[in-house]
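Number of protein chains: 4
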Amino acid sequence: MKDKNTAALTPPMGFNSWDCYGAGINEAQLLANARYMRDHLKAYGWEYVVCDIQWYEPTAQNAAYHHFADLCMDGYSRLIPAENRFPSAAGGRGFGPIADEIHAMGLKFGIHILRGIPRQAVHRNTPTVTPGITARMIAQDYSVCPWNTDMYGVDAYAPGAQEYYDSLFELYASWGVDFVKVDDIANTEFKPTEPYSARKEIEMIRSAIDRCGREMVLSLSPGPAPIEEAFHLKMNANMWRVSGDFWDRSDALLRMFTLCEQWYPHVGPGCWPDCDMLPLGTLQLTETDPRYRARKTRFTENEQRTVINLWCMFRSPLMFGGELTLLDDFTLSLITNRELLEINQFSSGNRPVRANEDEAIWTCTDKDGNGIIAFFNKKPAPRPISYEFGDDAAGLYDLWSKKTGKLRMPVCLLTLGPCESRVFRIIHK
Amino acid sequence: MKDKNTAALTPPMGFNSWDCYGAGINEAQLLANARYMRDHLKAYGWEYVVCDIQWYEPTAQNAAYHHFADLCMDGYSRLIPAENRFPSAAGGRGFGPIADEIHAMGLKFGIHILRGIPRQAVHRNTPTVTPGITARMIAQDYSVCPWNTDMYGVDAYAPGAQEYYDSLFELYASWGVDFVKVDDIANTEFKPTEPYSARKEIEMIRSAIDRCGREMVLSLSPGPAPIEEAFHLKMNANMWRVSGDFWDRSDALLRMFTLCEQWYPHVGPGCWPDCDMLPLGTLQLTETDPRYRARKTRFTENEQRTVINLWCMFRSPLMFGGELTLLDDFTLSLITNRELLEINQFSSGNRPVRANEDEAIWTCTDKDGNGIIAFFNKKPAPRPISYEFGDDAAGLYDLWSKKTGKLRMPVCLLTLGPCESRVFRIIHK
Amino acid sequence: MKDKNTAALTPPMGFNSWDCYGAGINEAQLLANARYMRDHLKAYGWEYVVCDIQWYEPTAQNAAYHHFADLCMDGYSRLIPAENRFPSAAGGRGFGPIADEIHAMGLKFGIHILRGIPRQAVHRNTPTVTPGITARMIAQDYSVCPWNTDMYGVDAYAPGAQEYYDSLFELYASWGVDFVKVDDIANTEFKPTEPYSARKEIEMIRSAIDRCGREMVLSLSPGPAPIEEAFHLKMNANMWRVSGDFWDRSDALLRMFTLCEQWYPHVGPGCWPDCDMLPLGTLQLTETDPRYRARKTRFTENEQRTVINLWCMFRSPLMFGGELTLLDDFTLSLITNRELLEINQFSSGNRPVRANEDEAIWTCTDKDGNGIIAFFNKKPAPRPISYEFGDDAAGLYDLWSKKTGKLRMPVCLLTLGPCESRVFRIIHK
Amino acid sequence: MKDKNTAALTPPMGFNSWDCYGAGINEAQLLANARYMRDHLKAYGWEYVVCDIQWYEPTAQNAAYHHFADLCMDGYSRLIPAENRFPSAAGGRGFGPIADEIHAMGLKFGIHILRGIPRQAVHRNTPTVTPGITARMIAQDYSVCPWNTDMYGVDAYAPGAQEYYDSLFELYASWGVDFVKVDDIANTEFKPTEPYSARKEIEMIRSAIDRCGREMVLSLSPGPAPIEEAFHLKMNANMWRVSGDFWDRSDALLRMFTLCEQWYPHVGPGCWPDCDMLPLGTLQLTETDPRYRARKTRFTENEQRTVINLWCMFRSPLMFGGELTLLDDFTLSLITNRELLEINQFSSGNRPVRANEDEAIWTCTDKDGNGIIAFFNKKPAPRPISYEFGDDAAGLYDLWSKKTGKLRMPVCLLTLGPCESRVFRIIHK
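Chains as they are written, first to last, in this note's numbering: chain R, 1 to 429; chain C, 1 to 429; chain H, 1 to 429; chain U, 1 to 429.
Simulated from the structure, these hints should not be mistaken for lab results. Treat the hints loosely; a few may be bogus.
You can't tell identical chains apart in this list, so a pair holds if it fits in one copy or across any two.
[Stated by the list, open to error] Result set (SDA-like, lysine to any residue): computed pairs, CA atoms no more than 25 Å apart in a straight line: (1) Lys200 <-> Glu357; (2) Lys402 <-> Lys429; (3) Lys367 <-> Pro127; (4) Lys2 <-> Tyr387.
Model, not experiment: these values are computed from the prediction.
Given the sequences, and given the hints that come with them, work out the whole structure.
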């Protein structure tokens, strides 16, 4: 039997287009980010280039969806890239040329989809790949996304339903897709009293990937995924969102600590609870609302480092949200700390050892067997944090300053600045 | 200012096609019922002939909806009768000829609609009556009915939204419609945490009727309408459902007592909380499921009389659900008790005076100022019910047996059979 | 059968000690207010003097409850007045002497109780009036008030339970009590998912009053009472709270409009949905928290008049909350507008005719058959309100300014100041 | 810093008195079970003898609580054993003599407590160990257990609160207690919307144990403990209930599979999600209700073995609920399968690998590194279960039949009887 875990033995690292381009990215923008990744980030392990939502919508420009817009679709009710935005898709080649180009850079290519079948296919009653089965016959009529008008859910009990999903992933495999972010599925918000109502669609997608002949990372959105369903998520997906959309807001960062405390026991090879994209650097380039438009992240430097530290100590997937070609030195330094990225990729036993309203302490073991400890000040004011090390701890190596300090007593008392965090490797006697 | 109450100064009485034909009634069936009403029921006050859901769907046959079926629609995104089912609608005459024929019988004509604009209009992006405004521009994308695929809600804040509803009721007025049952609106079940989410659409429909130049009864479904919104309902509608669909089940009948206890203070001219259709006589003629098909009502005779008694004492609208041409003598007798129908139409001060798990007692004053009292045994076993009359009560006239009994003591002790109920006029000294 | 409605054929009007003294009022303070009422308010219909919560707690001083404090109790587990606070209660005379004195003023006397039996009686297992039945045997162990430690609920199914309540009201009748405000009963907050869990205790109290040989107004607190239970409330009580505690906050006043729209159909002789005390004049005399202490009401003059206008148009009970002996002229004028108080006491058909986020309009018919109309601006800024009168309206008499204006057109356009309201009698042609 | 995990490095195994004696066990009964354990079960790892609820209540006889009964209490508001039930407690020796006797058998002794302070102490306002602090001053007045009247919660913010808990555990340490089951704490049912409202009391108890000078297992009841709080539970307790009370009902057993799927990642040394007592053998010896009284477990033999298999594969604590001295051979065989108990005590990596409505498959690694696999048929009818082993699996050793079968193909197809389960050690090539 296929093991879906091999597709993501370590947390996926990459770039996702949503935070800077919303639904409106185009081929040139996507490839520019890919080239930057090849030149500056690939050496640190970054590899996925993910094109987010609505690449099949010709008029999409930013995060505002055009309700009921006409979507590009093939003869089997499958969405295909809008050629005006992705010219290489012309001639029915879909994302194949872009995937080829990204693969040629030594990187991997991902796409976003919404669960279901296009509403326009259902209303036009267009064919599916299964002879005699039309879009209308497999749609689950009441199952809609509350924030986007593109799709109806697919009814798992309808003949032709699994075949439809199979036909989707066959197409994606033929393009060379390595990563699929499926949305409106880990928490189906139209049904607040039953957030996991798409359970059967998750299973159909898992089967479709297993059969498509190409290994793909399966990423589920949006969050919060219900923790009661952790087992089902682990059996079927490679990563899934633990929160709603994460943006550069301090309260959301604080909330993430609680979510990491809930989810850490479920972290492991092939199964990555996902803290969402890193909203760092330059964001929302194409927004029209002046409150948000083309801004630098609103997080303080301390908070930005806390994002990286927490995502790494928890082993979240790392999907960068800012425009790579506009990276400043500080932000670049945040995502190229090789020692910290190794914690994210290769550590084990990651867990909180203290967690309260004021502070958090996480530990793990790095790939060489060293103890790692991270201190987080959750308050926006300086605070002392104390911790009692074992007798064999001789010193602490700071993974950011690269300096080593001696531990004179087993009890260490650190003063952290507002929302500051620090990560140390423990030096043993 | 127009007074919407004049459209229904007494509880509407009529026939509705749902309980016997589901979504599939046709012109011949509808008119056959109308003719029966003219010949046998009109003299008792019955007057509305209401064509229920999906008259615009050519393939509808019974209560099973055909998901995403093509609907008959005019050039302004308005649904029109399916000519294969309603031949007189040919030539763009809509329901005009049927309304004319029913009016000629001295009766009134009603139709059912679902709130919103057809999904097919939205996906085809067809015009509305307002130049420059298409269906897509006024649809509220996430607002769907969870049990029927015909419509999207209309966004009250979109330019052209009110005009669209105005255009609907203009059309209905031109046909000669007297009664509109609007569905998916009094309780929008897709949003269980916000059942009155269609508040603004109710207001748009109210305005559209006020402007259409023809008086129409506005009936809202389904129930339960939220009692917290009683004031808004009374300001805007003439009747609204207090319960979910009422069928011939004993538990539903018991539940109706509680609902009547909650709603009775809101009963008054032009404002009729609605206990739903009377599922009596022969029901579901065209169902294919053998458990339900073409059956006689499952209520016992006692229960059937209790339905009539409660609906009349509460002053619910009376919409008969069974096929009129198949009426047996007992059922006919139930709906032609002139004295009881006068209670329904003309009594006042209707209210419960006792209400517990075992029994209910309701009183009112009839049009001549006599006291009326109804005793209900809610248990499926014989039970005594006692009641203390005032000193001036000399006797009780039974509205069903037409017999009068003397009251020897102010305390009256009645024994009622299983689920039996009795209605008396009090004879004063 | 007794008719509980005769105890309150019109909305009760009086003074309640909570808003100015919390749980700490004493005999002198209570009688001072009674004397003021006799001298200045009785002529306007004010008649009840109600001693609020914890008169049996010797150390009570203000609104802060002393958890588990020792309570004064007689030999049958019944609470009795603390003699240090109510010296006339000495010698086992209870509230008898105070009631006598208040009756001698031509006024009526009321007390507050909490449903249930004292926890101290349960834990000491003291006797009840029923031989062989101790407090412990009738207590409902888990049924506690979440904001006060005095009582356990009484288990209606326990032998001796009804007798215990009977013994309470016998005692109150012997004292001469005319009004009982029972608390922790109309909404049992310890059980948020079942707010009407004290249904059986309400029934026991109703029976106890019916048997006690003295007519008493039964008032139930706190609110919100569940509107689904309106029928049960009307069968058993004379007034019940529609909201949580009402204080001098603008948002609470706005909320009251919505509650009045929900409850107005249930208003009638003997049945008075209660908008709570009037927090006007000087409040919270004995509070120690400097934010609240001994302040004038925070409502603006417009808001204060709106309180009176709404309470009168809705026909709420009127229980004044401020210290009467400190009444300023403006506040006194608010509660001595004889014409408006007659609306409260004797009008009929009271109902809203418009109600939205910006404004409300209420109408009723006064005791002489004149139309009364009240306009409320709900916004904190001046706003015009238009209204279309019938053709026979010639003028409007303002119940506050006592001036009459002509209506030149059937459409009247009024400009109201921030949160202002006005009440008019319609002058007919 | 103390490590609370050392108190329970493997899942605790023992006997608990609730399932056979309710609240009414006495010294002789407890010691008889201890002696049986010493003679027949100790060799298999069984070691705790736990006296369940209300040992301080002289009149307790079975599972029916005597509401508000007088409790035995010392001078510091601490409950002490009722001497009529536990004669060795005379002379203020508490549970010391019983603990000594059990220790002398080579076993360990546990008691049950309810969080909080006795209500009788609060109402009598008795002293606590802290000078000047009485019971009343530390009680949290509204915090009650909905099914037992003994206690009020303790307010963590009150001076003297921690000292009171410290004084409890000092006393228990002085007696020689090794295990404390604290009830009404892991899910505070009086507050259905906030089940973890006793969070602060859990922390106080944790601190009190850490300071008391004796290692004690901390077990929290009842369930379901909220999984969102898994981290807090793991930081503070050694075991906590994942479900409500588990009795011999098939539906409860099925539900336990789902709970184990949710909780397994949290299983580890010192942290044991608890599936509750094993309701096997002879139960409820002293019940008076004839439906339950002194019955054999209602589980079928297959179900009984499934209980043991699931509890062992999940690594739940094993607390036997039946009367040990009445053990029949079959039941004895269930709890003395040394190989299976070793799975419970020493295996690792325990997790489900398949879980659906029909079947479950769990795997783990035994202490010698062998793969263990368990198959569960969840249906009450025979069913085939297939499983694909790796190429290196040569055979399966059945831990119950002790027989080994060859695996001829990597795909194994087993047929399991109704609700049957089987556990195998994988024999590698």
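Against the structure, the hints:
{"no.": "1", "hint": "Lys200 <-> Glu357", "result": "between (38 Å within a copy, 13 Å between copies)"}
{"no.": "2", "hint": "Lys402 <-> Lys429", "result": "within (19 Å within a copy, 49 Å between copies)"}
{"no.": "3", "hint": "Lys367 <-> Pro127", "result": "neither (52 Å within a copy, 57 Å between copies)"}
{"no.": "4", "hint": "Lys2 <-> Tyr387", "result": "between (45 Å within a copy, 13 Å between copies)"}
The structure does not agree with numbered hint 3 stated previously, though it agrees with all others.
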